[in-house]
Amino acid sequence: MEEKKSLVLIVEDQKINREILKGILHHDYEVIEATNGQEAWDLLAKEPGITAILLDLLMPVMDGYTFLGKIASSPYRTIPTIAVTGENDIEAEQKILDLGAWDFVSKPYQPMTLLTRLKYAIHRSQYSSLGSLLLNSLGIPAAVFEMDSALIRVIRLSESYSGELYDAFPLSSQVGLLEQPFLSVEDKETLKKAFLKLKKDKITALVPVKGIQGKKVQVALRYWGENRGALVVFGEFKLL
Amino acid sequence: MSETDETEVLLGKLIGWGCDVASALPRFLDDKSMYVMFVKQVVDEPAFPLLGQAIASGDVKAAFEKAHELKGVVANMSLTPLFNRVVLIVEPLRAGKWTDVKENYALLQKEWGEFKALVQG
Numbered sequence: 097m098e099e100k101k102s103l104v105l106i107v108e109d110q111k112i113n114r115e116i117l118k119g120i121l122h123h124d125y126e127v128i129e130a131t132n133g134q135e136a137w138d139l140l141a142k143e144p145g146i147t148a149i150l151l152d153l154l155m156p157v158m159d160g161y162t163f164l165g166k167i168a169s170s171p172y173r174t175i176p177t178i179a180v181t182g183e184n185d186i187e188a189e190q191k192i193l194d195l196g197a198w199d200f201v202s203k204p205y206q207p208m209t210l211l212t213r214l215k216y217a218i219h220r221s222q223y224s225s226l227g228s229l230l231l232n233s234l235g236i237p238a239a240v241f242e243m244d245s246a247l248i249r250v251i252r253l254s255e256s257y258s259g260e261l262y263d264a265f266p267l268s269s270q271v272g273l274l275e276q277p278f279l280s281v282e283d284k285e286t287l288k289k290a291f292l293k294l295k296k297d298k299i300t301a302l303v304p305v306k307g308i309q310g311k312k313v314q315v316a317l318r319y320w321g322e323n324r325g326a327l328v329v330f331g332e333f334k335l336l
Numbered sequence: 055m056s057e058t059d060e061t062e063v064l065l066g067k068l069i070g071w072g073c074d075v076a077s078a079l080p081r082f083l084d085d086k087s088m089y090v091m092f093v094k095q096v097v098d099e100p101a102f103p104l105l106g107q108a109i110a111s112g113d114v115k116a117a118f119e120k121a122h123e124l125k126g127v128v129a130n131m132s133l134t135p136l137f138n139r140v141v142l143i144v145e146p147l148r149a150g151k152w153t154d155v156k157e158n159y160a161l162l163q164k165e166w167g168e169f170k171a172l173v174q175g
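These protein sequence lines are chains G and U, in that order. Residue numbers for the first sequence follow this note's numbering, so the first one is 97 and each next one is one higher. Residue numbers for the second sequence follow this note's numbering, so the first one is 55 and each next one is one higher.
Take the hints with a grain of salt, since some may be wrong.
Stated by the list, open to error - Here are the simulated DSS-like cross-link-like pairs (lysine-lysine), alpha carbons at most 27 Å apart as the crow flies:
#	chain 1	residue 1	chain 2	residue 2
1	U	K170	G	K118
2	G	K111	G	K101
3	G	K111	U	K170
4	G	K118	U	K164
5	U	K164	U	K94
6	G	K166	U	K115
Simulated from the structure, these hints should not be mistaken for laboratory data. Quantities reported herein were computed from a predicted structural model and do not represent experimental measurements.
Produce the complete structure using the sequences and hints provided.
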């Protein structure tokens, strides 16, 4: 079955530039368009599935700077916004970031740069929104891991489920981490109990965001969790 | 002449005029006919006359916005001669100044005429 494409909102008053962006994105994303910040703001309320926003800065009615300010104090702030602009000075770039943009790209567009930055912004937002969900809605669970060792313990824990992980997401086998003999039988039992407690609370794993190795494991675990209706949470939060 | 031939002829003219077509094509998925379709649209780009109106009325903010918009379009299309001229208009306006803006707009009008003739000729 074909994977559903993420929905990206293009906010740009210039028709030709919108068409160019649509051309660059159309293989990987669904696209909706707005011609200014106000239209974009209205669309956010109507279309809950927006995964990321590509935002021009100079537009009539509501410009990109105003839109960024508005979105920063709204529930939509978790949607990654990438400013697309012809501006090419450090002050403008700093202002964009200060206002809450996740990243920026300059015109003329470099398709690969744009796609890569968009992809990573979406990945980052998925991790942070899951972390926010834990902190804001669920509360920190009673079962905890130490911050510095949490990642490795979750990796070790997942070893028990390596077969499932391989089936769920091939990347886990590419990572190669699951094949390593991490734990004694006793440790495995201890972690398994902790894992089952977390699972009971519908929290499958708690993974601090650290380093590239961590990212790969996060991706594997997230897909694994999603396929089982479980929640895998990522974030840089302090554990008890 | 076939559509493909017309496309190639126009691309040749644009390159001869100084446009960096090679850098533009990847933005159009290397689809030459798509690129040419957008080039034809640029001829009637409303930001161009609106820039002239803003300059004539002395509205520096509106002039900057239209010049900036135009710069984005011609940059994405790699219409280098127009881009090089528009930059000379955008930068003083960004600083709220009119230094050489009218002169450069007059030259832009001439170059825009050349571009139009090239595309429509």
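These are the hints, each one checked on the structure:
For the suggested pair K170/U and K118/G, the alpha carbons sit about 26 Å apart, so the restraint of at most 27 Å is met. The straight-line distance between the Cα atoms of K111/G and K101/G is roughly 23 Å, inside the 27 Å bound, and the hint therefore holds. Restraint check: the Cα-Cα separation between K111/G and K170/U comes to about 19 Å, which is no more than 27 Å; the hinted pair holds. At most 27 Å may separate the alpha-carbon atoms for a hinted pair to count; K118/G and K164/U exceed this at roughly 32 Å.
A hinted pair counts as satisfied when its Cα atoms are at most 27 Å apart, and K164/U with K94/U qualifies at roughly 17 Å. Note on K166/G and K115/U: the hinted pairing holds, with a Cα-Cα distance of about 23 Å set against a maximum of 27 Å.
Going down the numbered hints, you'll see the structure goes against just number 4.
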